[in-house]
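> Sequence:
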Amino acid sequence: MSQLSDDFRTAFRHHPAGVALITATVDEVPYGLTISSLASLSIAPVSVSFSLSKESGAAGAVLAATSFMIHMLGEEHEELATNFARPGAPRFTPEQNFQFLPTGEPYLAGAPIAFRSSIHSSISVGGSRLIAAEVHEIIQGTPQQHLLHQDRRYLRLSGLHSGIQQA
6 MSQLSDDFRT AFRHHPAGVA LITATVDEVP YGLTISSLAS LSIAPVSVSF
56 SLSKESGAAG AVLAATSFMI HMLGEEHEEL ATNFARPGAP RFTPEQNFQF
106 LPTGEPYLAG APIAFRSSIH SSISVGGSRL IAAEVHEIIQ GTPQQHLLHQ
156 DRRYLRLSGL HSGIQQA
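Going by our numbering, the sequence shown opens with residue 6, and the numbers climb by one from there.
Worth flagging that the hints you see were computed from the coordinates, not collected in a lab. Don't be surprised by glycine CBs; every beta carbon is placed ideally from N, CA and C. Each hint can be trusted.
Restraint ranges, calculated between C-beta atoms of paired labels, are given here:
1) Ser127 with Arg14: 18 to 26 Å
2) Thr147 with Asp12: 37 to 45 Å
3) Gln155 with Val34: 30 to 38 Å
4) Thr15 with Glu142: 36 to 44 Å
5) Ser163 with Ser7: 37 to 45 Å
6) Ser47 with Gly131: 18 to 26 Å
7) Glu142 with Ser10: 37 to 45 Å
8) Phe105 with Asp12: 41 to 49 Å
9) Arg14 with Leu160: 14 to 22 Å
10) Gly132 with Ala44: 16 to 24 Å
11) Thr98 with Gly65: 18 to 26 Å
12) Ser163 with Val130: 31 to 39 Å
Please put together the full structure from these sequences, using the hints given.
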């Protein structure tokens, strides 16, 4: 690997990012994966972007699905985020509180926000795929602090103060 690639990886390892869970159903089988690349993209049409590092397994299911759910995760979802980031870890168990929407997608009840979406467009970049997803529905869940990821660890914002002082 080149020095530029190493420096790039280090730079983003130290850049905090929100944690999201993408779920989809393909051939009546639920799939899910954890991402930290979710970003707002457009207001018209309402769209988000994210990247996938491969096109098989759960990532391939998202690419093949007619529609999928993007759940912004709260601080209480750290274990869930870890499970969906590791191959072979428990997924879609009764304790994880999933339900299936009438449209077929697995929905995480209790997520702060969830978007029912479909792929608008995508582009391959190196070994990854950048996805532009159109949002069709927003489900407001339980208000809570969102889970962050930085340097291979999850971070919590609860209890922190902004540090901005009034003049």
